[in-house]
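The listed protein sequences derive, respectively, from chains A, B and C.
First residue of the first sequence? That's 10 in the working numbering, and the numbers climb one at a time after it.
First residue of the second sequence? That's 10 in the working numbering, and the numbers climb one at a time after it.
First residue of the third sequence? That's 10 in the working numbering, and the numbers climb one at a time after it.
Watch out, some of these pointers could steer you wrong.
[What the hints assert, rightly or not] So, partial list: chain B residues that the calculated Cβ filter (under 7 Å) puts toward chain C:
| hint | residue |
| --- | --- |
| 1 | T52 |
| 2 | H66 |
| 3 | A68 |
| 4 | L73 |
| 5 | L77 |
| 6 | G84 |
| 7 | H86 |
| 8 | A98 |
| 9 | A107 |
| 10 | Y109 |
| 11 | G121 |
In short, the hints are calculated from the structure, not lab data.
These numbers were taken from a predicted model, which means no experiment stands behind them.
Beta carbons: idealized from backbone N, C-alpha and C, even for Gly.
Chain residues, written in single-letter form:
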Amino acid sequence: MYPFGPGLDYVRNGWYAAGWSGDFGEALLTRTFLDEPVVLYRTSAGEAVALADRCAHRAYPLSLGTRLGDTVRCGYHGFTYDGHGRCVAIPSQQHVPAAYGVRRYPTLERGGVVWIWMGEPNAADEAALPDLHELGLTDPNFHVDVGGVNTWRNRYQLINENLLDLSHIEFLHLGTIGTPNVAASPVVTTVHPHMIEATRTIHGDQATPLHKRALGIDGSMDRTTRSLFFPPGAHVTQVLMVAPGSNARFGQPGYFGEFKQAHLITPSTAIETYYFWSIARTSHKDAQTSAFMLDAFRTVFAQDGVALEAQERSLQRDPHFHELSCKADEAALKARRLLADAMTAENTVPRPLHAVSASSSRRPQ
Amino acid sequence: MYPFGPGLDYVRNGWYAAGWSGDFGEALLTRTFLDEPVVLYRTSAGEAVALADRCAHRAYPLSLGTRLGDTVRCGYHGFTYDGHGRCVAIPSQQHVPAAYGVRRYPTLERGGVVWIWMGEPNAADEAALPDLHELGLTDPNFHVDVGGVNTWRNRYQLINENLLDLSHIEFLHLGTIGTPNVAASPVVTTVHPHMIEATRTIHGDQATPLHKRALGIDGSMDRTTRSLFFPPGAHVTQVLMVAPGSNARFGQPGYFGEFKQAHLITPSTAIETYYFWSIARTSHKDAQTSAFMLDAFRTVFAQDGVALEAQERSLQRDPHFHELSCKADEAALKARRLLADAMTAENTVPRPLHAVSASSSRRPQ
Amino acid sequence: MYPFGPGLDYVRNGWYAAGWSGDFGEALLTRTFLDEPVVLYRTSAGEAVALADRCAHRAYPLSLGTRLGDTVRCGYHGFTYDGHGRCVAIPSQQHVPAAYGVRRYPTLERGGVVWIWMGEPNAADEAALPDLHELGLTDPNFHVDVGGVNTWRNRYQLINENLLDLSHIEFLHLGTIGTPNVAASPVVTTVHPHMIEATRTIHGDQATPLHKRALGIDGSMDRTTRSLFFPPGAHVTQVLMVAPGSNARFGQPGYFGEFKQAHLITPSTAIETYYFWSIARTSHKDAQTSAFMLDAFRTVFAQDGVALEAQERSLQRDPHFHELSCKADEAALKARRLLADAMTAENTVPRPLHAVSASSSRRPQ
């Protein structure tokens with residue numbers, strides 16, 4: 010499917026955001042990641058659990074069942090599973106076959122986010138997490154506000170590329186965060202190991218009302234925007250605002266402030282995507298500014314959501330769309346290549362049995 | 010499609026409920042059975058008629074036309090058909106070719122139900138009807154209340170199996186008809202000629218508020234539940250309630266009463282099913298008890314409908330679902346095998362021309 | 010797809026109505042013709058422009074963008090196109106490659122209608138327009154009222170055939186324009202070069218309330234109805250009403266009046282169609298009569314729309330429908346043959362590159 014080749018759907022071996030820490034509690038929550046329905050909850054010991062949301066017996070969604078202590082009992086015939094996905098009770102018989110169970114997905118809770126690994130479980134490695142400090146989730150100089158989650162009816166890659174070509178903010182976000190000299194300013198794209206960076210500095214830019222209200226910036230500034238993408242699904246937009254010509258960094262004279270906006274993009278289905286977001290800042294850490302910021306970005310997201318869903322429908326009408334690119338697409342095209350290569354590699358390597366039979370209900374060994 | 014193999018959709022040679030007798034009248038009623046739209050009405054002589062609901066001329070639904078005496082006139086160009094499906098008038102010309110017509114489906118009205126035969130018309134045989142006495146429709150000791158029809162967005166076999174594994178009532182219907190010792194009580198499954206039976210007796214069960222109100226039972230009872238399935242689409246749930254240890258039958262001391270709940274399951278499409286239901290009982294035959302019973306079971310059906318539609322969506326998301334079974338599935342698995350064998354046999358035997366060309370509008374000879 | 014063979018979807022080389030002249034203005038309007046989304050507007054010089062409604066860059070709909078003078082700027086990243094479809098600006102770079110652009114569709118504005126040519130651009134020829142005088146759009150003896158556009162969820166050919174077999178008005182439009190002797194009156198069908206005609210005269214017909222109110226006709230009349238079809242998508246229904254036996258023509262004694270109702274049928278998708286309509290008449294040219302006529306025909310169209318959408322759903326349920334025809338179908342079957350032959354011819358001739366790659370965004374040379 011555009012923009013990837015046939016047979017390339019998702020990078021599976023990587024950490025995706027499954028939810029904010031606050032989403033995990035006593036209640037059973039269902040979300041679909043990479044076409045697989047997942048039931049999410051937190052055990053009494055505080056561990057975040059992610060199981061296939063489909064009873065191994067007759068495919069009834071476990072999320073419609075009941076928590077019994079740290080187990081989940083299916084609401085249809087009462088099959089019961091523990092937090093490892095093992096079937097521990099079948100009400101109509103004494104014996105529970107040892108192999109009975111549902112798939113359990115590895116999770117990690119870091120930086121206020123529960124991360125999930127949808128691929129080969131043995132490959133799940135904490136070292137593959139995105140840089141939480143860069144994302145603004147663990148940087149002590151920043152105050153973080155969790156924005157929540159958008160669920161958009163468009164393929165995930167449209168969001169990845171939206172975030173890697175910020176020239177769009179001059180047009181799509183004119184009136185909110187856009188200023189008239191964004192698109193024409195030069196961008197430097199760098200491919201780091203495991204990360205793609207696109208950086209643009211606008212000298213003598215005018216502060217928008219948003220910057221003024223959020224950070225107290227008035228008049229002219231030098232604004233450097235770094236867009237970082239940690240495949241497969243984590244982005245941050247870092248905005249550094251300093252006095253014109255000062256080249257100031259944190260703590261130095263002329264430093265006005267910084268934003269780090271995290272964008273955690275998790276495919277739900279081929280045409281639906283979760284978009285978890287937070288916004289961190291270095292100053293004006295009061296609650297009113299937080300409320301203002303979150304509200305302002307909800308307006309910006311409304312613009313993006315309408316646009317990307319329209320783009321999605323346009324692509325669905327013409328599956329053979331032949332695109333034309335420009336220089337500003339460099340970072341997006343590099344990200345696209347990187348994801349396509351990862352998908353191709355995953356498709357080439359023989360996948361272990363329990364990954365191949367993801368649709369099976371047998372518990373992984 | 011799950012749980013049947015590829016190419017197995019419906020058993021066609023068998024009687025399905027087309028409607029309750031009261032559904033058939035002067036008005037044209039349309040229902041879709043086994044993917045075929047059917048127009049239903051009753052002639053002035055009282056005969057229930059079922060014709061293909063698609064004018065042979067340009068496919069306009071006949072149900073949008075007009076009754077003219079015992080004929081139906083198409084609302085588009087006026088082609089008119091009698092109760093045998095023969096075209097008897099074409100307004101724009103004098104001559105009506107003898108072969109012009111629409112398919113007429115055999116019907117039988119028995120036990121307050123109009124039964125329809127969607128398969129080979131020559132094979133339609135009254136002897137193939139389910140046992141109406143067992144269904145509680147013609148048993149003089151019982152008072153019957155017609156519940157109506159549910160239309161659910163799920164494949165029919167989910168309902169057949171729901172009715173053959175009553176262990177689910179402990180979980181899905183807890184709070185209505187479920188009691189906590191249902192699932193663990195043993196079930197005896199018997200395959201009779203043309204019928205599958207699953208029987209479970211619970212000794213010393215507590216009467217639920219429903220049993221108390223409907224039959225005046227208070228305190229403890231021995232409860233025997235017989236689930237009978239007459240393929241392809243008729244079920245009855247018979248509940249015999251007697252004094253503990255009495256082994257009483259109708260008219261004997263210790264006999265509290267019986268229910269016979271008929272469930273007539275007719276596939277509409279691959280993922281939609283009609284569920285006609287009635288409930289018969291041996292005592293408390295007053296109108297208030299009828300109203301109470303019908304209302305109570307509407308609540309129970311709401312639980313089943315929500316659950317089965319959720320199960321359907323879960324199966325649609327994973328067409329390769331690999332199920333795991335338990336002992337309580339014995340009757341359901343036997344019914345599944347029986348239906349699959351019947352479908353395979355129908356697919357193997359060369360079907361007569363007019364059955365093969367069910368989609369044709371030529372009148373069967 | 011019914012009623013055409015596999016691979017036959019649309020006649021492409023022909024003029025279809027894209028809209029009424031009044032639909033074209035400053036604002037960007039989007040419509041989908043023959044499965045292709047098109048953005049429509051009028052330049053400051055008054056020219057009607059039709060471009061592919063999909064930015065060549067990332068498929069964003071241009072209709073969600075902005076008019077800048079006579080150009081359209083994409084609302085996502087700012088790519089800008091002139092009225093010829095040429096890309097004239099890419100905000101993030103200086104250079105615009107010469108080949109960048111979107112497809113421009115030939116248009117012609119005649120008779121108050123903007124006509125569009127969806128096929129091979131070099132074949133677009135004004136001589137292929139339907140006869141605007143016959144359609145009632147340019148006949149000086151007639152007053153024209155534009156009715157607007159209906160958008161119906163049915164394949165276009167159902168409308169073409171509806172208009173060529175007016176025997177339906179006795180049944181579908183009984184109570185509005187139908188009279189009880191329409192279907193039985195004989196029809197003469199003639200295939201002219203580039204036009205099919207079906208004519209029916211009813212002698213001594215009763216004027217309906219509509220005829221009475223619209224043209225002041227009372228009592229008996231001879232009514233001649235000519236249905237003309239100019240492939241691929243223009244119809245007119247001409248109704249000549251004269252004193253019984255007078256054989257009167259315009260200006261002669263016994264001439265009551267005439268209607269010319271234009272029906273311009275443009276396929277949107279395989280199952281959705283635009284139906285542009287106007288109604289012209291020779292007398293009672295006052296505004297109240299116009300309002301009465303338009304309102305009366307809106308009621309008639311409501312009957313047609315409901316019927317054809319029901320017919321469409323019936324056909325979708327049975328893709329193998331085997332129809333039976335009658336004498337009144339002669340004109341419709343001839344029109345069907347003519348369109349099928351044109352489609353087959355278009356499929357056989359190798360199409361030029363830019364027509365084959367209609368889904369490409371490269372500008373036709």
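**Ascending list of hint numbers which this structure does not respect** = Hints 1, 5, 8, 9 and 11 not satisfied by this model.
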